[in-house]
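Could you slot chain B onto chain A? The hints should help.
Sequence lines, in order, name chains A and B. Take the first sequence: its letter number 176 is residue 176 in our numbering, and every next letter is one higher. Take the second sequence: its letter number 137 is residue 1137 in our numbering, and every next letter is one higher.
Derived by calculation from the structure, the hints in this document are not laboratory data. Note that CB positions come from ideal geometry on N, CA and C, so glycine has one too. Hints should not be assumed to be uniformly reliable.
[Claimed, not checked] Only part of the chain B face toward chain A is listed, based on derived beta-carbon distances under 8 Å:
(1) 1001
(2) 1025
(3) 1056
(4) 1091
(5) 1105
(6) 1106
(7) 1112
(8) 1115
[As the list claims (entries may be wrong)] Derived coverage of chain A by chain B (criterion: at least 3 residues anywhere in the stretch with Cβ under 8 Å from a Cβ of chain B; other residues may be distant):
(9) 19-25
(10) 36-50
(11) 55-67
(12) 233-242
(13) 270-282
(14) 388-397
(15) 404-417
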Amino acid sequence: MTPVLFAVLLFGSVPIALVLALTALWYIWDSGNTVLYLSYAQQMFSGVENYGLLAIPLFILTGELMNEGGMTQRLVRVARVFVGGFRGGLAYINLLANMFMAAIIGSAASQIAVMSRAMVPAMTREGYDPGFAAATTAAGGLLAPVIPPSMLFVIYGVLAQLPIGDLFIAGILPGLVLAMTFFVVVTLIGMTRDLPQGDWMTWPEIRIALFAALPAFLIPLAIVGGILFGIATPTESAAVASLIAFVIGWLIYREIRPRDLGALFVRTATNSSLVIFMIAAANVFGWVVVYEEVPQRLAALISTITADPFTFLLIVNLCLLVVGMLIDGIAALILVTPILLPIAMNTYQIDPFQFGVVISLNLVLGLLTPPVGVGLYIASAMSGVRPFTIFRALWPFLLAVALVLVALSYWPALSTALI
Amino acid sequence: MLYRLSSAWARIEIGLAAVMAASVTGLILLNVVTRAAGNAIYWVDEAAIYAMVWMTFLAASAALHFRSSVAVTVVGELSGAAVKRFLGRLVDVAVLAFALAMVWVCWQWFMPHELARAGWDIKAFQGNTFNFIYAEPTNTIGLPKVWVWLVMPVFALGATLHATANLFHPAPAPDPARPNEAIE
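If we strip away everything but chain A, and leave its shape as in the complex, we get:
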């Protein structure tokens, strides 16, 4: 009965956190283990009483400040310095600027929103096909949760009890590989159709562009550098990054005023609560998973199919692509990690860092696939291009992500080499 209730609530569009909480309530009743009700609320509370989770509101705040602080335009201009002169220059600029942004923003959806507004109109003006422009931007957004910092990695780290700093480092190589793959895709597309010629900047322009963006580069430096050299925890570096973002946006770029902070904190609180509350609910749902021995049963089933870790990862990838199409990436990660990670680690001896990178990238892909590809709708809303048009131009990028997923599944070193 419990799985039926779970499915009915989930697909009945009940908020996912409540699906988890109600399923757990029902399961406790059904299994007669009613003493668990006494610690139910406490269990929910303790599920989020976690130092690592503090990074979530801080990264969301940094994203909001980036959004308001005029940094995007300046990063785009710097990207122009490096790749602006190629044929299809703006498409490369778009991807490179997305890489910079990914080192500051930890969430694909907010990055797609920021970058679509900045890049799609500019590309369309220069004669790019609007669908291609929006698709390139949306694909670039997928770099956000892989290149550190990453909200998905924070959540996975908390669920898997792994050091979040190491997870961030694990994302660096896969992020670079993914970005390179996107550059190749744009080059290949450029061979089949005529992309507009870009032009190189003059020396004085380059100097101005680099100088203007210099303060903005302090943010990724604070985040990645702080973690890489062990100076700060991810939480602390997120706080420092938000402070830098605010000071730069306020005093140097002069696009944020201190009185805007109230609205920013409101958005930070509401958006991070959506995520953290799901984790709280997942903690009581964890009882169902543990008492019903879901991982053990599933492991027994899967291990009859294959004993090979790579095949297992391919199966997981296929299943999660479907899950990601139906369920929001963070919610899906919260749901599947406690079930799949024990199988991956205990039955197949897969490195938990590799597993985290693979499933995070996989689930975030769901942002761009119908029927609930939220990223697709965001890109559409911000750029004015119809979701279907974007999706049609998106498939080469999706294929590229699929290839990267296979590569990440096959070579654990891609994720673990730097740790």
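Below, chain B without anything else, positioned relative to chain A:
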């Protein structure tokens, strides 16, 4: 009337949650500064965590009022207006069921009736119930933990208020031009 009360309370919840979000930022920055100065304050991390938990549950309750929680909406999106309306009502009922259950589990946890029966004497209460919720300390703040845990009943009551109000105030037909906000 009920809906107005629910709206007002949701606004207060959001306001407090924003204050908590600002506190989280301030406390972690304070930690960075004091640690860099070699003079870390020991209670800051724990305080920041509790501020985050309060922020979460306050804003989560408000999200029930605004019906803005993350949900799998694919069935509603692929079906007609009647099904969508039915699902909307189903969600309202499910939210109320959850909220009432939360009130009940919080009651079981805090046992205010037993505390009153013990004449508000915590030792007597513990002797009667073997419930040590009122004796549990926080690690570093020096406050009984029950004050921090209090966010759970606050959340439960807020959720009940919002769920009841929403039950009598069905959601308007969704605007297809504005798909769900994403969080990731």
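Right, here's what the structure says about each hint:
1. Contact between residue 1001 (chain B) and chain A, as hinted, is not supported at the beta carbon level, the nearest pair being about 25 Å apart and thus beyond 8 Å.
2. Taking 8 Å as the C-beta cut-off, the interface hint given for residue 1025 (chain B) holds, the closest approach to chain A being about 6 Å.
3. For residue 1056 (chain B), the interface hint holds, the least distance from its beta-carbon to any beta-carbon of chain A being 4 Å, beneath 8 Å.
4. Annotation: interface hint on residue 1091 (chain B) holds; nearest CB of chain A at approximately 5 Å, less than 8 Å.
5. Taking 8 Å as the C-beta contact cut-off toward chain A, the hint placing residue 1105 (chain B) at the interface holds, the least distance being around 4 Å.
6. Contact between residue 1106 (chain B) and chain A, as hinted, is supported at the beta carbon level, the nearest pair being about 5 Å apart and thus within 8 Å.
7. At about 14 Å, the closest approach between the beta carbon of residue 1112 (chain B) and any beta carbon in chain A exceeds 8 Å, and the interface hint on this residue is violated.
8. Interface hint at residue 1115 (chain B): violated, since its Cβ lies 15 Å from the closest Cβ of chain A, which is beyond the 8 Å cut-off.
9. As drawn, the region 19-25 of chain A meets chain B at 3 residues by the rule of a beta-carbon pair under 8 Å; at three or more, the given contact holds.
10. With a cut-off of 8 Å between beta carbons, the region 36-50 of chain A has 11 residues touching chain B; three or more are needed, and the interface restraint holds.
11. Counting residues of the region 55-67 of chain A whose CB lies closer than 8 Å to any CB of chain B gives 3, which reaches the minimum of 3, so the coverage claim holds.
12. Interface restraint, the region 233-242 of chain A with chain B: holds (6 residues with C-beta to C-beta distance below 8 Å; minimum three).
13. Residue count for the region 270-282 of chain A with a Cβ under 8 Å from a Cβ of chain B: 10. That meets the three needed, and the coverage hint holds.
14. Given a C-beta distance limit of less than 8 Å, the hint that chain B covers the region 388-397 of chain A is violated, as 0 residues qualify and 3 are needed.
15. With a cut-off of 8 Å between beta carbons, the region 404-417 of chain A has 0 residues touching chain B; three or more are needed, and the interface restraint is violated.
Violation of the numbered hints given earlier is confined to hints 1, 7, 8, 14, 15; the remaining hints are satisfied by the structure.
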